[in-house]
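Colleague: Quick note, the sequences are listed as chains V and U, same order.
Oh and the first sequence: position 57 is 57 in the numbering used here, straight run, nothing missing.
Oh and the second sequence: position 68 is 1068 in the numbering used here, straight run, nothing missing.
Calculated directly from the structure, the hints in this document are not laboratory data.
Treat each hint with caution, since some may be false.
What the hints assert, rightly or not - Residues from chain V that face chain U, not an exhaustive set, calculated with beta carbons under 10 Å:
| id | residue |
| --- | --- |
| 1 | Ile3 |
| 2 | Ile203 |
| 3 | Arg205 |
Said to hold, decoys possible - Once the Cα atoms are required to be at most 27 Å apart in a straight line, the calculated DSS-like pairs of lysine-lysine come out as:
| id | chain 1 | residue 1 | chain 2 | residue 2 |
| --- | --- | --- | --- | --- |
| 4 | U | Lys1164 | V | Lys198 |
| 5 | U | Lys1383 | U | Lys1037 |
| 6 | U | Lys1009 | V | Lys164 |
| 7 | V | Lys412 | V | Lys246 |
| 8 | U | Lys1037 | U | Lys1384 |
| 9 | V | Lys198 | U | Lys1171 |
| 10 | U | Lys1009 | U | Lys1198 |
| 11 | U | Lys1383 | V | Lys198 |
| 12 | V | Lys171 | U | Lys1198 |
| 13 | V | Lys246 | V | Lys9 |
| 14 | V | Lys198 | V | Lys171 |
| 15 | U | Lys1164 | U | Lys1198 |
| 16 | V | Lys116 | V | Lys198 |
| 17 | V | Lys164 | V | Lys198 |
Cβ coordinates follow ideal geometry from the N, Cα and C atoms, glycine included.
Protein chains: 2
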Amino acid sequence: MSIREANEKALGIINRARPTLIGLDRAGEVLEGLTPKTILHAGPPFPRGWVDMSGPVRGAVIGALLYEGWVSSQEEGEELAASGSINFAPCHHYGAAGPMAGIISPSMPVWIVENKEGGNRTFSTINEGLGRVLRFGAYQEGVIRHLRWIEEGLFPLLQETLEKMGEIDLKEITAQALQMGDECHNRNRAATSLLIRKLAPHIMRVSPGREEGARVLEFMDSNDHFYLNLSMAACKATLDPILGLKECTLVATMARNGTDFGIRVAGLGHRWFTAPAEIIDGLFFPGYSQDDANPDLGDSVISETAGIGGFAMAASPAIVQFVGGSAGEATHYTESMYEITVGESDSYLIPILDFRGTPTGIDVRRVVETGLLPVINTGIAHKKAGIGQIGAGLVRPPLDCFQQALRALVEKYRP
Amino acid sequence: MSIREANEKALGIINRARPTLIGLDRAGEVLEGLTPKTILHAGPPFPRGWVDMSGPVRGAVIGALLYEGWVSSQEEGEELAASGSINFAPCHHYGAAGPMAGIISPSMPVWIVENKEGGNRTFSTINEGLGRVLRFGAYQEGVIRHLRWIEEGLFPLLQETLEKMGEIDLKEITAQALQMGDECHNRNRAATSLLIRKLAPHIMRVSPGREEGARVLEFMDSNDHFYLNLSMAACKATLDPILGLKECTLVATMARNGTDFGIRVAGLGHRWFTAPAEIIDGLFFPGYSQDDANPDLGDSVISETAGIGGFAMAASPAIVQFVGGSAGEATHYTESMYEITVGESDSYLIPILDFRGTPTGIDVRRVVETGLLPVINTGIAHKKAGIGQIGAGLVRPPLDCFQQALRALVEKYRP
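Kindly produce the complete structure, drawing on both the sequences and the hints.
Modeller: Structural data, given as structure tokens:
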């Protein structure tokens, strides 16, 4: 197969994907091979584990150790994490995608998403909401208590709701949300609203009492990013089937662990190409500045890899209030991404571009040739553990990842 | 006061308005002066009552007479309606606004909207949903049964929900929805979603049993126009305070009864200026064409009068799939409306125009000078009673209404 044929095949796989929410379960039950002392994190691997982790990832790891009851204090957490007895591994190695620090520990409930075209499954945690939350490195008592409520209050109710109501087509929700001002990475208000509308009647039917269901509905309403984790699992479910496709030069994964940015390329399988993560150019919450910012973090860039997020900014002019810039720039970002992609989505359409499909299928060759890097919408974490989100903005991956990948493609296929 | 000062004052009144949903009640309880045998309809008055009414309005009148139990068959309904013993009057004369035929009879529950700036109140029925519904002139048994459920199932539950949860700021919902692809006349998906999110936890808390609340939530989810009637009452609450403002040349009301288009101008008080309603240029549902279309109908054009709907089409490029045209045309419609308005909304902002406020305050003088008529997004009813909606599209009011009004302004203020 030629590169061109391989890339066309990959584009077809991406366009035919049907990511569908099929249920929830505990990570330890459904993530294959998760050993009892495993902690998953966002991005590529940390070669030296704890030593390589930035502040917010360390904070989130400590939070997960406290949540699991493996330690009972921050100090104990740091000691255990540094001891070498915890198996740290990327979410992506276990079929999952995690926003920001992306920490998944065995007791955490996860959404289960199945790509109905092919049957591959992916997983993501339930989004915790805004403010001080584990994914931004916060681990105070309130953060752990909230995770406990997610496990004991939210999870069983959502699990039963989905069992009763059946599967939910995530591609349809994302497609609708792109007609409603979301780009489904940093803006998920419409998608979250559409999901709540679907779930609400069924939550009403299965809730053990009025108050439990009301609290679940209030929590979802309070969190416009509730859909983000579902969208991420859907994007991963869409892209995973191209990983390993011979001759294919499309990016199958992009992810950041807060220290490094990593990409995986379809034709090169599970091999990561990494370089130091960049600092984000964005808008900061009052009292914070660029000096406080951690480098780029999280698996949420799977959105852009699948052709939404920064690639769909033209659909989401309102997002410039959150990440900076003008509506015209938002449109320009999308338009420029057609230069580095091999095709267009046939489901994710942008009204203002007269329903043109979002730029889809990032070709490593075009990125290196043009020097034009994927544009990413993202949140900004404080660089210290325990503080949380301090802003949002735009970032690009390091060019070096793509250059390395291109060299490896040449070595493998045209030595 | 000069015309210029009067118009600026009116723009200030419009911009400071705070339309707020405060509750629900039966029309007969809250619409002042509604006599026992009154039927309200959309648009300006019918000088000769029943004789002047088009098919869908007649159908909806028959439906209301059946619903109220004043007659027990279509034939009896036609007879009573033609007898002269029913008081037919515009919704606008009783503080209400009704979509399409706009029929309100005393037993129907209505939303109560209060403009917190000034305290004026407006009313609208609960949107019945899509398909064969009273507002499009359908009056079959199923239509009446559904109205009965609205009265007996939906209304008491929503009433109690609002009593428990308190008031809802409609200006905020509309403003948000304009950032989410709605123009809040023919596209209300985002606004409906935002409303459902707010209501759901409280519906859960007050529902007598699981199934009643679940059915209410399912009904709202099934109807993307659920917010339309609230938006209309909010627009009317926003505009009513300018009616009667001396020297003011701004349009305070536009409305159609399916036979005539009518406008009222702030400086000329309650006087209507009417001309035959136009035929709508639009997209038709399969099996229907322009030949089946009733002329322009309904009070929903209060949306455009308040600066949303067709005036906010740039915020809603996806609507062109429903009403025809391209995204570029949608933007152009909004841009052209700045030529006939005296200002911009300071709350209803359009992301793609870099958050410019929607064109607000239609100046009769500018309409006549430029010949540029307000652009209206609207639904299309079948011209025969009992069939329902057959499409959606764009329409303009007859220029004659504006010419008459301008002459009257000159006669009154510059004789």
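Colleague: Could you run down the list of hints and mark each one as holding or not?
Modeller: Each hint, compared with the structure:
1. Ile3: Interface hint status for V/Ile3: violated (34 Å vs cutoff 10 Å).
2. Ile203: holds (8 Å)
3. Arg205: holds (5 Å)
4. U/Lys1164 <-> V/Lys198: Given pair U/Lys1164, V/Lys198 holds - Cα atoms ~24 Å apart, limit 27 Å.
5. U/Lys1383 <-> U/Lys1037: Roughly 26 Å separates the two Cα atoms, so the pair holds.
6. U/Lys1009 <-> V/Lys164: violated (56 Å)
7. V/Lys412 <-> V/Lys246: Holds, because 10 Å separates the two Cα atoms, which is no more than 27 Å.
8. U/Lys1037 <-> U/Lys1384: holds (25 Å)
9. V/Lys198 <-> U/Lys1171: holds (25 Å)
10. U/Lys1009 <-> U/Lys1198: Violated, at roughly 34 Å.
11. U/Lys1383 <-> V/Lys198: violated (35 Å)
12. V/Lys171 <-> U/Lys1198: With Cα atoms ~25 Å apart, V/Lys171 and U/Lys1198 stay inside 27 Å; holds.
13. V/Lys246 <-> V/Lys9: holds (10 Å)
14. V/Lys198 <-> V/Lys171: It holds: about 14 Å lies between the C-alpha atoms, which stays within 27 Å.
15. U/Lys1164 <-> U/Lys1198: holds (12 Å)
16. V/Lys116 <-> V/Lys198: holds (20 Å)
17. V/Lys164 <-> V/Lys198: holds (12 Å)
Of the numbered hints stated above, those contradicted by the structure are hints 1, 6, 10 and 11, listed in ascending order.
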